[in-house]
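**Student:** Each chain, letter by letter, is given below.
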Amino acid sequence: MDYIRAFIVGGLICVIGQLLMDGTKLTPAHVLVAFVTSGVILTAIGVYEPIVNIGGAGATVPLPGFGYSLAKGVFKAVNEDGLIGVFTGGMQATAGGVSAAIFFGYIMSLIFNPKSKS
Amino acid sequence: MNKINPKEYNEYVQKKIPKPTFLKNSLWAFFIGGIICTFGQFIINFYKNMGLDKDGVSAATAITLVFLGAFFTGLGWYDKLGKRAGAGSIVPITGFANSIVSPAMEFKREGFIFGVAARMFTVAGPVLVYGYGSSVIVGLIYYLVKK
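Here the protein sequences come in this chain order: A and B.
Position one of the first sequence corresponds to residue 0 (numbering that gives the first Met the number 0), numbered consecutively onward.
Position one of the second sequence corresponds to residue 0 (numbering that gives the first Met the number 0), numbered consecutively onward.
In isolation and in its complexed conformation, chain A is listed as follows (with noise of 0.2 Å):
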């Protein structure tokens, strides 16, 4: 059943980019950056947790996702550790992920070259 909903509700998510994408003149740059930072906001507000019980996968797997985890992140290191929480929460939830895009993709574009576009 998990997998169903991951479906429906990261589609309907990957929807409203496509939408933004085609209807305004937005790029796939202002996309990105506009579905992390309305994740930080819609989860400080508490809309987006019950999102993502709902959907699981289907809603932490696209970029709104990735501003969930700094939320959840800072809201998580400001109760344990006071004010330096607030600069520390958000890199500690989502270090893995970034550190391993960093890295993944230095090596991956060290090993592979560009294939011409056909």
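Fair warning: there could be bad hints in the mix.
As a list, the in silico PhoX-like pairs of lysine-lysine whose alpha-carbon atoms are at most 25 Å apart [said to hold, decoys possible]:
{"hint": "1", "chain 1": "A", "residue 1": "75", "chain 2": "B", "residue 2": "145"}
{"hint": "2", "chain 1": "B", "residue 1": "15", "chain 2": "B", "residue 2": "2"}
{"hint": "3", "chain 1": "B", "residue 1": "15", "chain 2": "A", "residue 2": "114"}
{"hint": "4", "chain 1": "A", "residue 1": "114", "chain 2": "B", "residue 2": "145"}
{"hint": "5", "chain 1": "B", "residue 1": "107", "chain 2": "B", "residue 2": "15"}
{"hint": "6", "chain 1": "A", "residue 1": "24", "chain 2": "B", "residue 2": "23"}
{"hint": "7", "chain 1": "B", "residue 1": "82", "chain 2": "B", "residue 2": "107"}
Incomplete in silico selection of chain B near chain A, CB under 7 Å [unchecked claim]:
{"hint": "8", "residue": "36"}
{"hint": "9", "residue": "50"}
{"hint": "10", "residue": "141"}
Honestly, the hints are just simulated from the structure, not real lab data.
Values in this document were obtained by computation on a predicted structure and should not be read as measured data.
Yeah, the Cβ is synthetic: ideal placement off N, Cα and C, and Gly gets one too.
Since the structure of chain A is already known, use the hints to place chain B on it.
**Tutor:** Structure of chain B alone, referenced to chain A:
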């Protein structure tokens, strides 16, 4: 040749710009985005069954998906998928990895500092700036409200 004024020209150009096929693009985005998220759910369940705790599961899942996104971008498959899938391949975290590897490969000839390392962050940089920036602001508000 009859002359046309700028306004008419603009109307003419607007007419010639292909209309984005909203429905078709959205269906593709829904389908591919949905599949990537379903696969993400499979990975989450896999790590859960391995006995990782909640934070461990989400970190391991992010790392795995980022690896796959970067790898398939290197092979050239991800961009082929992206032609059809649009936001369906851009919005998931695999698309974040794609946005790092694509420009990094492209600009390799400009060297490993200003080529690969700098261009990696063409799209990822803004995402991280606004993501972490907003998390600090939200955290600060939370800290002040909580006090």
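**Student:** Checking against the hints above, which ones are violated?
**Tutor:** 3, 4, 5, 9
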